[in-house]
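Letter by letter, the chains look like this.
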Amino acid sequence: MSDAPDHRTESRPVKPIVGVFLAAMVALTSNGAAVSAHHSFAAEFDFQKPVTLKGVVVQWEMINPHGWITMDVTGEDGQTARWMVETSNPNGLMRLGWTKRSLKPGDEITVEGYKAKDGSNTANAATVGLADGRKVFAGSSGTPAGTPGTNK
Amino acid sequence: MRSALLAAAICALIAGSRLLPLSAQRTPPPAVAAGAGLPRLPDGHPDLQGLWLKSAGGFQGLFIGSLDGTNFAAPGGGRGDGRGGRAGGGPPAAPRYEYTPEAEAERQDRLKRGYEDPEARCHLPGVPRSLDQPGGLYPVQIIQDEKYVALLHEAMHDVRIIPTDNSPHPKNYWAWDGDSRGRWDGDTFVVDVSNFNGRTWLDMAGNFVDANEHVVERFRLIDRDTILYEATVTDPTVFVKPIEFRFTLKRVPTDQQILEYSCLEGERSLQHYTDEDGGKKRRAK
Amino acid sequence: MTWGRVVQLALCSATIACLLAAPASDSVAQNAGRVAPFAPARLWDGKTPDFRGIWQVRGSADQNVERLVVDPPDGKIPYKPEALPRRQQNYRNRATADPSLKCYQAGLPRATYVPMPLQILQSPGNFAIVYQENHAFRVFHPEGRPHFDATDWWMGDTRYRWQFDTLIADVVAMTDLAWLDQAGNFHSTEFHVVEKYRLTSANTLEYEARMEDPMVYTRPWTLRTTLYRVMQPGARIIEDECLEDANGVRHHISPSDPRNLLKADYSRWKKPAQP
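Residue numbers (the working numbering), protein chains in the order written: chain Y, 3 to 154; chain D, 37 to 321; chain B, 15 to 289.
The following block holds chain Y by itself, in its conformation from the complex:
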């Protein structure tokens, strides 16, 4: 991991994201993912309601104060529902190596996170699993330590 790229000091194009994502995972596992931003996690999301969303990326918006993944999730009944998934503050994710190019429409992902208290199709991502099996940290405002669906 010591050669994990820091793309602020590298020349473009940014190095492949693999190493960065792995590094992000180390950060997750070594630190427990309690990261807060400008608002309260508990006011928006319910950590008693973990959720796993498997679906297809419609849009990835790397905007402050939180990034948003729009994704279509097909349920067991074959119905497709659109979900909005909040990620951590982009500045933090960028410092872990994420960019606006990290997710593309059509990418198959699995999000593990927590549902919004208001019952809408909104969730907070703790991790994002990519099609090739890698799982990356996306922890958001105050994501509880320990990640749903993982062995932590």
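Derived by calculation from the structure, the hints in this document are not laboratory data.
Straight-line alpha carbon distances no greater than 27 Å define the calculated DSS-like cross-link-like pairs of lysine-lysine that follow:
1) B:K116 / B:K277
2) B:K277 / D:K277
3) B:K61 / B:K210
4) Y:K106 / Y:K56
5) Y:K56 / D:K321
6) Y:K56 / Y:K102
7) D:K148 / D:K277
8) Y:K51 / D:K321
9) D:K321 / D:K148
10) D:K316 / B:K277
11) D:K148 / D:K317
12) Y:K51 / D:K317
13) B:K210 / D:K183
14) Y:K51 / D:K148
15) B:K116 / D:K316
16) D:K316 / D:K148
17) D:K207 / B:K277
18) D:K207 / D:K183
19) D:K183 / B:K61
20) D:K148 / B:K277
21) B:K210 / B:K94
22) B:K210 / B:K90
23) D:K317 / B:K116
24) D:K316 / Y:K51
25) B:K116 / Y:K102
Sample of chain B residues facing chain Y (criterion: CB under 8 Å; computed from the structure):
26) A164
27) T165
28) D166
No residue lacks a Cβ here, since even glycine has one placed at the ideal position from N, Cα and C.
Please arrange chains D and B on chain Y, whose structure you already have, making use of the hints.
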């Protein structure tokens, strides 16, 4: 130019030594070992410039540091709420709030109205919340000359351009960040902050101040890579005794840069707040 | 504060002001052979031109940036035909759609010519601009490292260098949500701005910006304007933060407007607890 700087230095010396027992609220800290080896500007004052990050309290500095997950912030844990922590330079100092009875009721009320936290609405955090951001998240860039120490905060793109001449606070001016006037007390940069507009909270947990808030901040470079930050917050209509903040800022390696944090432009979270936190949605069963 | 101290500080300030205002003769000599008609004062490193101060444009370019266009010669932004409909749509909706009305950061180069002052902060090796409007700021990073373009910013990512006494800044990674003026002139995320800052006298700072955007414009275009030093004694950048009205709409409010002061709501504090 050189004579101008000399004049400035002389002025600062005069102002700092004889004329200014501005705040008798605190006794000066014990002198640092002569401050030897500290970077200094030509006017002789310690050079606070650079990119700085509050040492991790509860948040472990996750977002800064090398990408292998190591954390350059000072070792030691915190309480998990982003403040305090055994940052190098002193004992942990989580603020202890002692409210007047009326203010305590208000605080309990605000605890249930997170929807109204101004920072959740992307407003300026105020002082000292602008520096007391969750450890390891948002750095602050300091640029300094003989007339100003400027704090450019990543969080909320909050800015304080603090004059070093200890000039008086203005009249008829009420701001989220108040009005900051600084002076050098030896090697410590002391800032008197007044003229608050009474709208800020101190954290997400409903701790608050009103327009009677008054802050004395002390910035002291304790080694090349560490600023000890202390703030004393008084507010006679809210607290029965002053609130003390104390933590360190660690220098961020120069391969990192400050980024833009455009909160208001992309805020979408408040719409999901439920009535439990003062929001507009009902809590789903 | 005693009167003696006031007088002393005033004298100090006056002395400093006089000394700073005096032309630095060695700088003049250094630049005698160059094209630059004005040799600026230097920072304490003896080299870096000193642009510090509070500056502001005059005029109404924020209403329509085409008032500042010096290239092309017809003074029009060279839109691609397919980009014009969005410009017209923006114009029609300008009373509500201008991001500036929502208290968003102005973006570039608009932040320079909005009718609000800016302050240049500088020390050897450091250069930053604080814009009063919406307390936006830019930290200029030296060239030599690539742009940080992991996302689209409102104020872009800036890299700069000095060319003699002119600061040249290269700015990319800007959101397409920003407008260039109140008239709805716009750009895409491919927007690329090269700025030039040059002192033309002790109290005038020339600003030039060259814009290119292959998605929106047929060719690069250039604007030029002058920033004037704000000379009032004691002038400062003041806090510009918007307040929400009852409908949640934000409005700019001066810190000197008494409505910005929230008097403690003691009635709520004293309200008996609900059963």
